[in-house]
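Asks: Going line by line, the protein sequences match chains X and C. The numbering of the first sequence is the working numbering, which starts it at 687 and goes up by one. The numbering of the second sequence is the working numbering, which starts it at 45 and goes up by one.
No wet-lab data here; the hints were simulated from the structure. Errors might be hidden in some of the hints.
[Stated by the list, open to error] Derived, one-sided and incomplete: chain X residues facing chain C with beta-carbon distance under 10 Å:
| # | residue |
| --- | --- |
| 1 | His803 |
| 2 | Arg816 |
| 3 | Asp842 |
Yeah, the Cβ is synthetic: ideal placement off N, Cα and C, and Gly gets one too.
This is what each chain is made of:
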Amino acid sequence: MTSIPAPASDAPAAEPSGTKIGPVVIAFAIGTAVSIGLGVYGRLHTPTGYAVNIAGFSSGAAAKAALASVAMGLAIVQIVTALGVYGRIPLRGGWVSPVHRWSGRLAVLISVPVAVHCLYALGFQAFDGRVIAHSLFGCFLYGAFTFKMLILTRDDTPGWALPLAGGLVFSGLTALWSTAVLYFLV
Amino acid sequence: MKHRSPLITLAAVVLAFAIMFTVNMLSSPPSSRSTGTAGPSAAATTAAAPEQTAPATPSASASETAEDSEFPEKVVYAGRTDDGPAAIAVAVLGNQAAAYVCDGRTVESWFRGTVEAGRLSLKSKSGETLQAELDGDHLKGTVQIKNETQKFEINEASKPAGLYRARSSKTTIGWIVLEDGSQVGVQTTGADSSAAPQLDPENPQVMVDGESLDAAAVNGDEDL
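Work out the full structure, taking the sequences as your base and the hints as a guide.
Replies: Put into structure tokens, the structure is as follows:
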């Protein structure tokens, strides 16, 4: 991750003439496949009911809630810096893009132990509306994330593609957090 | 492809997933393995169990007749919660009942209560509730686990399947032995819960912290 190119990789960059929709469709298809794959795995494997706990928390659920909340906080940083990158809010300076990239990387890495615990120990469940929604959003999030990363690899995608992908990721995480941590806390 | 760093990020996330999964698989406790959930071949057998109960979701007429039915004088029901990883066992003796719910890891609850005309209403010390009623020869109901309500529909368990408990001055252990011989148990010392040691229902003795404990089948009228 050290070879980060020009700070514009998250920005709309100089919109090249003649954008292509093809790569967006392919990226979307791959992201969709990731989501479906996660859902199928979560549904088919037998939940173990067991997963490694993370030291220092009162319970597995508390650890997950804390990690998910850190990820949620970083996701808000993501939205704010993205608005800065796109010039929608007066946030300027060479730090904005790197902060956006690294907060995103950190957020997704922090989310992984939570997601693995959900998938491995609990699986895709459907015993009530909240749980169905949470299971669906969980599968959705990593598909949306894959979609966004693939969009980022190219400069020739339409200008709306990246904000769409970023918005999907943020919406997915917000929905996940609301259907789990918020529920855990209240 | 113009930029590689998003791909590297993606690869790092995939790698992180792989590492977490590996760590989880390697560190499954022995008792969790014995429930057959760690190995793919055994997983198939336990996966079949909840599916067998699924089509038995009662029609309205079935639950109407259930209102009239009575529990046998002494009976134990055991199984898994619908769609969930937790195991549940309910022991009924006369008009007394005891139940235990656990995930084989950290979550467990003991319930006590009474029986009235084919209906159970149990409570745990921390106030969680378990409601169930007879439906034909199986027991169906709901249980609160950590603020979540889970449904269950479980069958009669015949020995050695059933509910077992061991207790020392500091430690309490509960085991649910399922009809297929697999067991799910949790051991609690103070506020710390962990997977229970393997129980041999024929010779129910376990070693905890160098102390030998006798486990006994729970009948339903015990003080828990």
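Asks: Just pull the numbers of the violated hints for me, sorted ascending.
Replies: none
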